[in-house]
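Trainee: Residues per chain are reported as follows:
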Amino acid sequence: MGQSGGAHTVIGGRPRLTAIAAALAAVTGAGAAQAGDGGDGWLYDRREIIVPAKAAEVVRIDNLLGRVQIRGVARPGEVHIIAEKRASTPEALGRLRVHYTAFESGEVVVDTRVELGGRERSLPLAGSGVDLIVDVPPDVAVEAKTFGGDVSASGLRAGAKLETTGGRIGVSDVHGGVVTRQLRGGQRVAAVEGDVDLDGVEGDMDLRNLGGGRVDARVVDGTIRAEDLRSGLVRLVTTTGQIVLVGMIRPGGHYDLRSYAGDVRVVPSGDSAFALRARSAKPIATDVPLRSSRREGDWLLAEYVARRAAPARTRTALLEVSSVLGAIEIQIQPRTAPAELR
Amino acid sequence: MTACRTYPTERLSAFVDGDLSATEAAAVRAHAATCPDCTAALADLRALVANTAGLDAPEPPPTLWPSIAGALDKHEPRGWFSIANWRPFAVGALAGAAVVGLAIVALPVLRGTQRGVPAASPGAEMVATSTATVDPLLHEAEAEFAEAAAAYERSIEKLRGLLAREEARWSPQERTRMAERLGRLDDAIARSRELAHRTPGDSAGNEQLFAAYQQKIAFLAAAVHRGGEEGEWDKAGAPTP
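Protein chains in written order, with our numbering: chain V, 1 to 342; chain B, 1 to 241.
Bound-form chain V, shown alone:
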């Protein structure tokens, strides 16, 4: 906190206090509470609160204690928070806290803390924790961070930035830029109209129906499967995993697909022309009629010419594919069988 502009004084000075006062003034709705034994050895306490946030432009959620689910379904000017905390003892349950702070700058911060030695701290816990469902107006930007808990965002219209150490990441139906950072857990990103920048160390990435200007996905140890990408620049890089790209090759698009140790497979649909630049330790397997094949160092250069002539001034797509140790396969997507042959 304290990002509301202006200089920050050392270790939580006046800006924080100002912000807290703003937050207190903003809270009007009484929270609905449910508490009890979940029957599984854990104690649960569930609260709901609706807070007014008329000038909210960005909502930041920092929950190292559990999961975060963000939905762009709230009415304008409101943030609806559902928080469920769990612990094995009432004493531990009472030490888990949720804070809501509204800054005058239009930033809203929701964060969770655990009380340790009389001081509240933002820490990950293995068993005890707090899960958050945060409903925000669709037009606010969202940033969320977890440690071991899953983090997801849907229905947003001003982009999302999601970060987790060990949780899964899910994004669907988002307009605006999407940025993710993850150590492990895997990512599913679908139905985004905006630039996409994904980064992971371990875990598979599943991308579907992305329509922004660019898609940039990088993972060290995981497979990247991408389907129906309409972006003009697509860059998919994995070190040890495979890459699978399925769908139309956009005219004029640039596709850069690189794996060090895994296979790369491209299954183009439609009939768009593309120039191919490919490099692989193994022979490149393809059923696409390529012509003008030639070598440039380790790279194979070839072209696919569409069966139907493209409109004038249509630029040819560039498909760069590389696998140092694996194989490359370019395979025409099987067409749906004609009705008369069924």
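Quick caveat, the hints were computed from the structure, so don't treat them as lab data.
All values derive from a computational prediction rather than experimental measurement.
Hints are not guaranteed to be accurate.
Straight-line alpha carbon distances no greater than 35 Å define the calculated DSBU-like cross-link-like pairs of lysine-lysine that follow [stated by the list, open to error]:
no.	chain 1	residue 1	chain 2	residue 2
1	B	158	V	282
2	V	161	V	54
3	V	161	B	158
If you only want the chain V side, here are some residues facing chain B, beta carbon under 10 Å, derived [as the list claims (entries may be wrong)]:
no.	residue
4	44
5	127
6	147
7	270
Where is the CB? At the ideal position from N, CA and C, for every residue including glycine.
Fit chain B to the given chain V structure using the hints.
Mentor: Same frame as chain V, now just chain B:
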């Protein structure tokens, strides 16, 4: 306090306090991983926080809280998700202000005394032994941090294995340059690890350690790809630690 002009002391302090935005905190972590001045300044600030953690939090003036709460009585939902739970936060802010004053007075002393014996700082040692054995939640947090660090280490080992395959094709000079760059990254990780372990449950310290791991992973992954594709891992444009 820090000779680095990129981040003044108050921004580093805000970072240690967990008060920066995720974006800015990430920028500080990335910068500190390669800046000895900022690394030292962060060590001092963390030591200060650790050494002042045992002090009693100063109570706010008796008129402060009633002046805030009184205006909000009609809205106040009691419970863990309530205004009452923000009270310690306000107290924390005042405690922070007190720490500022203490920092101005004590920091030169701390810098002078802790540089020589960072790992054996008596204050840090005391926090480590007394708190970790008492609080199971702190133990849980430390286990989570350790598990994440182990995952980063596993990924680094895997990449080192792949890099070794490429290195076999490099000249001795190239291998030496790679070893030097990896050595710098390893130094940054070692420094960050020492800082993170100095105070149990240090989220900011562990975030900096994870940032150092991430930097090494990004460098190794780029070197593996570039070495495999071009045979020249350190040509112009290659990332440098």
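Trainee: Which hints from the list above does the structure break, by number from lowest to highest?
Mentor: Going through the list in order, the structure violates hints 4, 7 and respects the others.
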